[in-house]
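A.B. asks: Sequence:
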Amino acid sequence: MSLVAVLTAALLVAPLVASSAFAASASAHERPATTAGPIVTDDGFAPARDAAARLIGTGADGIDFTSLAPVDGADRYEVSTVDGRIRIAATTSGTALAGLNAYLGSIGQNVSWNIRNVDRDAELPLPQQPISSTANVSHRFYGNDTEDGYTGAYRSWEQWEREIDELAALGFNEVFMPVGSEAVYFEVLQQFGYSADEARSWIPLPSHQPWWLLQNMSSYPAGTSDALLEQRTELGRKIADRLRELDITPVLPGYFGTVPTDFAARNAGSRVEPQGGWVGFQRPGWLDPNSPVFPAVADAFYGASERLLGASTAYKMDVLHEGGQRGQVDVPAASRAIETALQTAQPGATWVLLGWQSNPPADVAAAVDPETTFIVDGLSDRYGIRDNLESQWSGIPYAFGTIWNYGGHTTMGAEVKVWNERFTQLRTKAGSKLDGIAALPEGGLNNPVAIEFFAGLAWRDDPVDVNAWFDEWTERRYGTDDPELKAAWRILAETAYTLPTNDSFAEAQDSLYADQPSLSAAAAASWSPTGFAYDPERFAEALDHLLAAAPAASDLPSYRYDLMDVARQVTANTSRTLLPQLQQAYGNRDRTAFTQLSEEWLANMQLLDDISGTQPQMLFGRWIADARAAAADEAEADRLEFDARAVVTTWGDRSAVNAGLNDYANREWQGLVGTYYTDRWERFFQSIQTSFETGNAPQSIDWYAVGAEFTGSTDTSAFLTEPEGDIVALAGRAQAAHDAAAAELPEPPSAGTHFLSDLPFASVKLNSAYGPIERDTEIGEPAAGDGAPIRLAGVQYEKGLGVNSPTTVAFNLGGRCSAFTAVVGIDDIMNKAGASPNVIFRVTADGEVLFDSGAMLKGQAKAVSVDTTGVGILSLEVDPNAAGSPAGQAEWWDRADWADAELDCGEPEPTLEVDAVVETRCIASKAFVAVRVGNGESGPIALTVRSAYGEKEFASVAAGKFATSAFNVRDVAVPAGTVTVEAERLSDGVTATTIVAYEARSCG
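In this text, residue positions in the sequence shown follow my numbering: the first is 6, and each later residue adds one.
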């Protein structure tokens, strides 16, 4: 991810220094802070000083860190000048770093997640005026349950140390920390009847452990090892201790009953509720918290957790996550038993639950004590489903949370404007229980502007002017007041960071280059948006502005990262522009166009790979290298590489792929795009090329087998581990790729009547598995041209379109046509036993539905007649009507027909049989334009011939005769040009105009 350091809380709330003060320039501030004299560090603030030294180097020597009493229990900080030094006073060590980041923002610097705009070891200026801010909520939580798996389960301590410093600078005071929890389970299982080997085999490898902790799966892709247990326990303890040093609460996994499925057979008095499946995996069992054994298991768990990872005041647990089974468990009583076990082990500790889908269930929320329970909601930016949480969750306090990223996707986007308004609305309404924020991206280190804006919600009392905020962000981000950079970010603010307000998605669309190949591809991840979430043309204008700033900004790391990210997104968006054109070429059986488009598609994928290769965060090679570095030997390195490859590709085995997990964690990383994604599309395009040659349907491809081949490989030869490439040059190529991808509409129909089967398609959306759209036959089998004559309700039609749902085919009318007629229905070929087609036909004009057939079954036909006056694009859609079809049979060979589909585009314009030839000639070193016009009519015509060098009229040219004229250019050369020939038939006055081009010629 590219998450930039959160909002300088002071920049959002307190009075700011002048916005033109950048780059820690002493010229903008009268005096630099002195590093001489005693350095003040109050008790408990040495960790803040150490972190400041890591962030800004020796500049920290000019800063004093002192304690500040909270006001009404609220965290706060103040930055001021005392005795010629910068003084940061704060309630906690971590909050002091938020104050430091606020100060840095005031001088045009910024601590960001992956790219910092910090002038290390520079002499820092004194603040021109005090900077202060007070948190408006108690809880500032970071960390989705899945974050460790999708951000990097094999991160080193150095990577974690950097992230902790950045999270503190962003103002967070609670961080979910699961690393090392596997060692807790390892010890506990051995106390309850399991051998060390059995316990190790039950615990998944690190990339997949988050879902094991959520009680979704176990053991995949292999069990853990002693070396990994020891390594991750040590790392987890270091992470937790560092968080504690900075007064940030490490929120640890708690115990709510996850056990192997055979636990009851080994432990008398226990009862395990089977949990069924989860997206192709078998879940672990749920030890009923009401059973007598549960308190002992929980006590062993918390004891091991405290000894290995240290104690905490907050523990995270989610019962019945994503479809967990209640079975015979008394869930309210079980909730109280889980709560009792926690309070017995850690009195006063908070049970943290995730607000996600239907969790926590209402009866769980009603059963527990609101004083020791807190909910981090992942869906607060969704309307409707999150409007009355106080009642839904029985008064439990909660955090306003968001998940702007799923699976670690690299797509840019978030609901910034929704956050800006909705957070304050929910926090200040009567009876509100909102007392926190929760940044919950499934994968971290992306969308830096999103986390900075979101984290700043906790430090400002009112919504901000978003445009002004983005202007200030740009100044902090780059340390310069550049109008091109500001223009770029304003465009990004109104597109990718103003996603549609809805209840379905809080992220933008992913890339179809990362999707399992299909001409009907809509989203690489099964549960992602299926179309553009913003105007891609407007978004691309941001790249123009960023490139315009290159001469002044190209040396800035933050600029190079952002240029990469925007150029990558612009290139990724071309996939959604090109795919409809590929569908159309396939539907038209236009092999030449299909070949050109597929070559353009693959070239864009190579460009995408090259663009991503310019930044270290975007290198698949590093992802793999980190995994292998965690291994104790070569065999384990291979297992860990498989773990790291699988989680971002197939995710699981064939059953998981079939259930929808394939490409859930897709991302546009160098190496991943250039090998796995490209290989899949090359195979797919070759299958279609073969179908063009043979006339057969494209051969199906076992995509799981392709994925398994990749995840099982250890070939990293195409993966960079160090960035390379000129991002400015590559971004220019991304601009060109975007422009080249734009589809050209076919010419509108000429005057007259036209069957749609004789016209070019403007666009096509279809499921290519059923074959191309057939012209003048029903769709037939998957091969092209294999349909039978169209028959509806016993009537045969010579003209029409044969399709299978879902299909949408569009035509460019260009406002020229007045009426569309057709007969629609299921082809009679489906009048057979066992066939139950059920579809809906729709006619749409420029987005407005003009005709809806309602559900249509076999044997039915219906006439269509709509007015198309002024219509630009006419779309014919066949909807599979899943709601009205038998289970599993929607989109199953329904063979829908648009019979006699015809447009009336008015009377054809008159034409005359006139043949005009224009040539350039040289006569005596002078250039001439010679014109010869033949009359192919049956009677005489009048002609007027016009050129740039004069005109000539012919009152009457007999049938079969010619009129000639030569225009003297009066020069030795003539440039290319045109001649206009106007003809009039003398018998009835009908006229026609012809324009003929000629080439340049030199006579010198």
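Calculated from the structure, these hints are not laboratory results. The reader is advised that the hints may include incorrect statements.
[Unchecked claim] Pairs of lysine-lysine, BS3-like flavour, derived with a Cα cap of 30 Å:
| hint | residue 1 | residue 2 |
| --- | --- | --- |
| 1 | K931 | K837 |
| 2 | K867 | K837 |
| 3 | K422 | K434 |
[Claimed, not checked] Simulated restraints, written as ranges between beta carbons of each label pair:
| hint | residue 1 | residue 2 | range |
| --- | --- | --- | --- |
| 4 | E958 | S992 | 40 to 48 Å |
| 5 | Q865 | A338 | 33 to 41 Å |
| 6 | A473 | D304 | 35 to 43 Å |
| 7 | D857 | E749 | 48 to 56 Å |
Quick reminder that beta carbons are idealized off the backbone N, C-alpha and C, glycines included.
A.B. asks: Of the numbered hints stated previously, which ones are contradicted by the structure, given in increasing order?
C.D. replies: 1, 4, 5, 6 and 7
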